[in-house]
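Each chain, written out:
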Amino acid sequence: MAEKARAADAYAVGAREPLLSIRDLALDIAGPDGMRPILRVQALDLYPGEVLGLVGETGSGKTLTAMAVVQLFPTPHARITGGSVRFRGRELVGAGPRELAAVRGRRVGVIFQDPSTSLNPVFPVDEPLIRALRIHRGLSRAAARAEAERLLERVGLPGLVGKGRYPHELSGGQRQRVMIALALAGDPELLIADEPTTALDVTVQAQILRLLAELQRERRLAVIFITHNVSLLSGFADRVAVMYAGDVVECGPTAAVLQRPQHPYTQLLLAAAPRLGSGARRLAAIEGLPPSLRERPRGCAFADRCPRAAERCRVEAPRLAPVGEGGPAGGGAATGDGLAAGEGLAAGAGHAVACFFPGGEAQ
Amino acid sequence: MAAYIARRLLLGLVVIWGLTVVTFAIARVAPGDPAARWVGPHATAEQIAQARVELGLDKPLYVQYARYLGQLLHGDLGVSIRTHQPVAADIRTFLPASLELTVAGMALAVILGIPLGVAAAARSGRWLDHLTRLTSIGGVSMPTFWLAMILQLVFFKQLHLLPLSGRIDTMTPLLHPVQPITGSFLLDGLLEGNWPVFKDALAHLILPAVTLAAYPLGLIVRMLRSSMIETLGEDYVRAARAAGFKERVVVYRYALKNAIAPTLTVMALTFAYSLTGTFLIESVFDWPGLGNYAAEAVITNDYPAIMGVTIVVAVMYVALNLLVDVVQALLDPRIRTGVAS
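One line per chain: the protein sequences are A and B, in this order.
FYI, in this note's numbering the residues of the first sequence are 33 to 395.
FYI, in this note's numbering the residues of the second sequence are 208 to 548.
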């Protein structure tokens, strides 16, 4: 029930201005043989208070796409080379250190994948939290300590302030709770959660997910939830965006994408997710490998692994377009050239897919 | 923490003891007869034999060593064969000058080296990085005496800004008498408010200190740069940036505290080394330090002096390392509690 209500919410906010809007984002990584194109994200939108699940296999560009908002990439060699990332109406591509500083921690909180490497080993865990509360909320030292205590209590770690406790004295789950508190210290509107449970025990994973869901509702947070585990999405995400080889290939309301996947990659990805009691003796897998980043294919990046690929898929790259209603279904000529760059109706909140031959069942 | 310090202290004592054994053995195996030197070049065979008995050199080695160790525990470093003075007194004469020079040089190296190393790492690959790379490689590879002479040429001969050599002008302590408190003209002048002595001592100290600083400065910059570059790539640095902390805070507070450890070790090592390793600097600047004394002792086979200097330096080395261990434990809680990092 609650799930349906929230899905409806997501449609409702679709009419509003997006909080975050990514268009034709190009990101390259400098390598020994020059700049290699890594991301070519056509379109991705996020509305206030909405949870967006960003899924795809390792290396598909989920993290880089989300981190483009704060421009903090896991590698110093990553460069945004084009496109637009608008947050609260402000363009962040080409923004100076000042504008980015106004976003980081204050408007956008980040939770990283591995809490054991994300906490500074030589500082007590409450130290950065108190600092963040002081600089982002202008609190006095005493007030910041009190607020840190409240915040840590809310994430399930009472009595931790002023105890001089260091990260190595905490468990993995406790560390991730500290990271969540730190991400929320500036009272952000957007939370980027980069596989926040991947490095944790399964039992702890569920606790952390529940905590994130509670905090999201309490604070009406917009969340980008990055995961390669599709099964985590159905209870939590309002919408899902599926990434493949550096681009969004399908996005839409969670129920629509998970139950009526249109892109052959999404279909295979969902089929590959192991399910209890499915009776399958072997785990399903997608044949082949993602394309080499050095030689990006001219056409659809998935064509080589796609059971439905036709001649057109190898010469022309499909653009994201709405499913149904005059969309690309049936391979209509309206695709691609029909959409002005940067004006993807596709993004929005509806179900969209980047494929010339969407729908049907994957073989 | 107390147990940790006690363990380190014990280890240091073992090192010093081991050192007395090694230096004792080396001094006895080295060629040259200490007894002959003790009585001078024109002594008869009987006089030499008598000196040998006087010095205890006729006793078995382990008896000689035990006697030496017993004296050592009473602060007696023996009598120098060359100067016929107690070694302890000799060292008391030369050590303050060495300490003065080494502390000044190391302070210079640390004060300049830490910000330069950090800045080079934060701007790695840009012009500041290349500039510090050139200067630090220069500092490390340039022959000390050559740098010393260049400095003398420029600041004494050309610019007439600084004195050529020595610790102080001969006239200054005569005109402005100074009571030896620490043995360092600089400190004594400061403590007694004797400004002419202080200023003159400072002027004399600048060139040798700069010369001495060149090598540790280059080392500190290179070490710190590489450990900072590694640290700046850590997840917690990215997390600190994501939390919206100022770049200065991220670099100097969150990253530096993690990256400084190897540099601290190098600092302690070069400090101890500089106490006697500055022989060339002491020669060029006519600085009456421990390096000259040690070199003379080695040349003349003055084994009590060699052992005395070795032990004093070893004690300082152990003390400095203990200090570094304590500082590192204060910086990193994982060392305090014995958790492997």
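If you are wondering where the hints come from, they were derived from the structure by calculation, not from laboratory data.
From the three backbone atoms N, C-alpha and C, an ideal C-beta is built for every residue, glycine too.
Just so you know, not all the hints are guaranteed correct.
Claimed, not checked - Restricting the straight-line Cα-Cα distance to at most 27 Å, the calculated cross-link-like pairs of lysine-lysine (DSS-like) are:
| hint | chain 1 | residue 1 | chain 2 | residue 2 |
| --- | --- | --- | --- | --- |
| 1 | A | K195 | B | K406 |
| 2 | A | K195 | B | K364 |
| 3 | B | K464 | B | K453 |
| 4 | B | K406 | B | K364 |
Claimed, not checked - Okay, the calculated beta carbon distance ranges per label pair:
| hint | chain 1 | residue 1 | chain 2 | residue 2 | range |
| --- | --- | --- | --- | --- | --- |
| 5 | A | G66 | B | A502 | 48 to 58 Å |
| 6 | B | L537 | A | G320 | 50 to 60 Å |
| 7 | B | R330 | A | T113 | 21 to 31 Å |
| 8 | B | I413 | A | T90 | 54 to 64 Å |
To be verified - Negatives, chain A to chain B, calculated, CB over 12 Å:
| hint | residue |
| --- | --- |
| 9 | A134 |
| 10 | R136 |
| 11 | R139 |
| 12 | S172 |
| 13 | R182 |
| 14 | S266 |
| 15 | R328 |
| 16 | R344 |
| 17 | G391 |
Now for the hints, and whether the structure bears them out:
1. Simply put, A:K195 and B:K406 have alpha-carbon atoms about 49 Å apart, too far for the 27 Å limit, and the pair is violated.
2. Distance restraint check for A:K195 and B:K364: the Cα-Cα separation of roughly 61 Å exceeds the 27 Å cut-off, and the hinted pair is therefore not satisfied.
3. Proposed proximity of B:K464 and B:K453 is supported: the alpha carbons are some 16 Å apart, at most 27 Å.
4. The suggested pairing of B:K406 with B:K364 holds, with an alpha-carbon distance near 20 Å, which does not exceed 27 Å.
5. One distance hint, 48 to 58 Å for the beta-carbon pair A:G66 and B:A502, holds here, with the actual separation near 56 Å.
6. In this structure, B:L537 and A:G320 meet the distance hint of 50 to 60 Å, their C-beta atoms being roughly 55 Å apart.
7. At about 22 Å, the CB distance of B:R330 to A:T113 agrees with the hint of 21 to 31 Å.
8. Distance hint check: the CB atoms of B:I413 and A:T90 are about 59 Å apart, consistent with the given range 54 to 64 Å.
9. In this structure A:A134 is not separated from chain B by more than 12 Å, as the shortest Cβ-Cβ distance comes to only about 8 Å.
10. Not every CB of chain B lies more than 12 Å from the CB of A:R136, the least distance being 4 Å, so the non-interface label is violated.
11. Under the 12 Å C-beta cut-off, the non-interface status given to A:R139 relative to chain B is violated; the minimum distance is some 9 Å.
12. Here A:S172 stays apart from chain B, with its beta-carbon at least about 18 Å from theirs, past the 12 Å limit.
13. At roughly 18 Å, the least C-beta separation between A:R182 and chain B is larger than 12 Å, which holds for a residue marked as non-interface.
14. Non-interface call for A:S266 relative to chain B: holds, since the shortest CB-CB distance, roughly 28 Å, exceeds 12 Å.
15. No beta-carbon of chain B is positioned within 12 Å of the beta-carbon of A:R328; the least distance is around 27 Å.
16. Every beta carbon of chain B lies more than 12 Å from that of A:R344, the smallest distance being close to 42 Å; the non-interface claim holds.
17. Every CB of chain B is more than 12 Å from the CB of A:G391 (nearest about 40 Å), matching its label as outside the interface.
Going through the hint list in order, the structure does not satisfy hints 1, 2, 9, 10 and 11.
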